[in-house]
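All chains should be modelled from the sequences, with the hints used to inform the complete structure.
Keeping their order, the protein sequence lines are chains A and F.
With the first letter of the first sequence counted as 1, position 319 gets the number 319 in the working numbering; the numbers rise by one all the way through.
Quick note, the working numbering runs 1000 ahead of the 1-based positions in the second sequence.
Treat each hint with caution, since some may be false.
[To be verified] Chain A is faced by these chain F residues, among others (derived, beta-carbon under 10 Å): (1) 1046; (2) 1131; (3) 1134.
Hint data in this document are derived by calculation from the structure and do not stem from the laboratory.
All values derive from a computational prediction rather than experimental measurement.
All C-beta atoms in this analysis are idealised placements derived from N, C-alpha and C, irrespective of residue type, glycine included.
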Amino acid sequence: MADVDGCFFDVEPFRHGSSMVAALEISDLHKRYGKRVALDGVSFSVPEGSITAFVGANGAGKTTTFSLVGGFFSPDRGTIKVQGEELREYRSSGGLIGVLPQDVLYFENRSVERHLVMFARLAGLPRLEANSEAERVLKLVQLQDRAGELVSSLSHGMKVRLGVAQALVGRPPLVLLDEPTQGLDPKMVQQFRSTIDVLRGSTTVLVSSHDLSQLQLMCDHVVMIDHGRIVRQGALKELLVESSRITFRLDDGVLDMTEIISHFPEFSFSRPESRLLLVNFNPGDFQIPEVNSRVLFWLFRHKVGVLGVESVRSLEQTYLEATAAPVE
Amino acid sequence: MASSFGRFVRHVAVLTEEELRDLLLRRRAMLSLLLYLAVIGAVMLSLTYVEERLRPSLGFFNDGNGERNRLLEWAQLNGFGDLARIIAELGSWPSPVVISQFLFLLWFPTLVALVSCDMIAIDVYRGTLRFVLLRTTRLAYFVSKTVAHLILYLILYVISIAVLLVLSVFRDPLFRIEWYARPVLLMAVAMVPFLLFLVASTQFVSCWSSKPMNAVVRLHLLWVLFFGLVFFIPWATPLWPKISLGLIAPFFGHQWLAIGGMLGWSALFGGCGWLLFRRRAL
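This is how it looks when you write it as structure tokens:
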């Protein structure tokens, strides 16, 4: 067993810093449950060291994807590569993947620490080092004072944190977290975000949740899935600005649309509501500040009151737009 | 290859240790064990008591007694010499050892059914199997279950033999360790594969069930069918009488058939269990 950069592996250390290799690369993944198609040619990659959000509605295929990467069952077709290696080879050579399944169930009669020590030993650590590793991850999820307690005595939120801890034991280079914030109170969600922040850059995390505002705060990449197909993927910043739309919230809604359209033929305008003015532009020709200042100036000159301006969409907006159109 | 085998062995060791800890802390297992030891103790005490009273009348079973040789000659002439030889051999053994072997053969299946029938079904039912398989292989998990449960019953068997010997030291005035050692060792040679057979057949049923209670019912059905087949359709299992004879009389070569037969049945049940488990959805 080697100790590389403080990470314990019994075969080879993971390849941090190699930006050429995606931490997770999924190609043309298909999975059916009887007649129901769960995944229909899913392909996406997760950059190494990124915190990637995996977004989709219930039944979109998130948990199936996680289960396939976790090795709970096999795909009907397609390949999964972790650190550039086929999943089977990666796992058979001792490669670790930390997974927090959606409905994780524990051995209720075992202590918190015993769970983690077992996982650490399965990751290849000798008993003493496994104890230290358990302590480390318990501190990370702030459960250190519960180490000796039985799992059955933990609250739901603590059990979720224990699940996150077990996913992090042994420092796996890839961690999959399926709905980790489900049932957590706002304070715990904030704690969870700080835990993920600690991992940023050193561990690749793929996290799914329905709380898109939280995902927007913690993630730097996004993969969107709908009806078993990937509809959008990329860096969060690019995805959110990609639409190149600015929303102006107007004071009283009185605006001569013909005049503004004729004044700015290079932009397109729409008004989903009387108090909202949406300005769409080509990001190759214009940048947000320029469009913003030009339209604002025109609005002020025409004495149109402006209550607010949103130049970046939320992840939720992007997701709703991406999934609104029928999948080809 | 060597590294993946080493990892497999390490995983089996870790999971076996965890399973054994759980088993030894399980109330059901502890109650069964205590009950088991109480029964063994009571039987030993009553046996040695009865034997003290009856020994003079059973004297012809002892070595060097002319009655024993005359009985064997008579049985040989009348066509059931092998049976007489077996009875004579068993008769020359300390009766607590012989009777306890019968007791083990009846009691261990009950104990195994009580403690182990849900060995895999419970993890599937609770969802903890998925949790364990995050970091290990199905094969390592499957093998660790077999090993842990076999070790548990071997421990119980050793404890039972120890109780038997300790009680015999105090209760049997003719106790000599060399007189007990050979029969105990011969019985143990046959018992170990028998325990493996029990664990393998129980594991097969447990792999086939997704609820613990189903496993209990199916295990009993399996054994009823199995032993029904043996007793009522003997031509379907021509070797079984010889295999089972070796469990009761593990000498005169019968022990090898018992060992081979039990290992064969264990492999069959273990293999079928593995085939079921390998493909089962989580």
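Against the structure, the hints come out as follows:
1. 1046: violated, 38 Å
2. 1131: Hint holds; residue 1131/F Cβ to chain A Cβ min 6 Å, cut 10 Å.
3. 1134: holds, 5 Å
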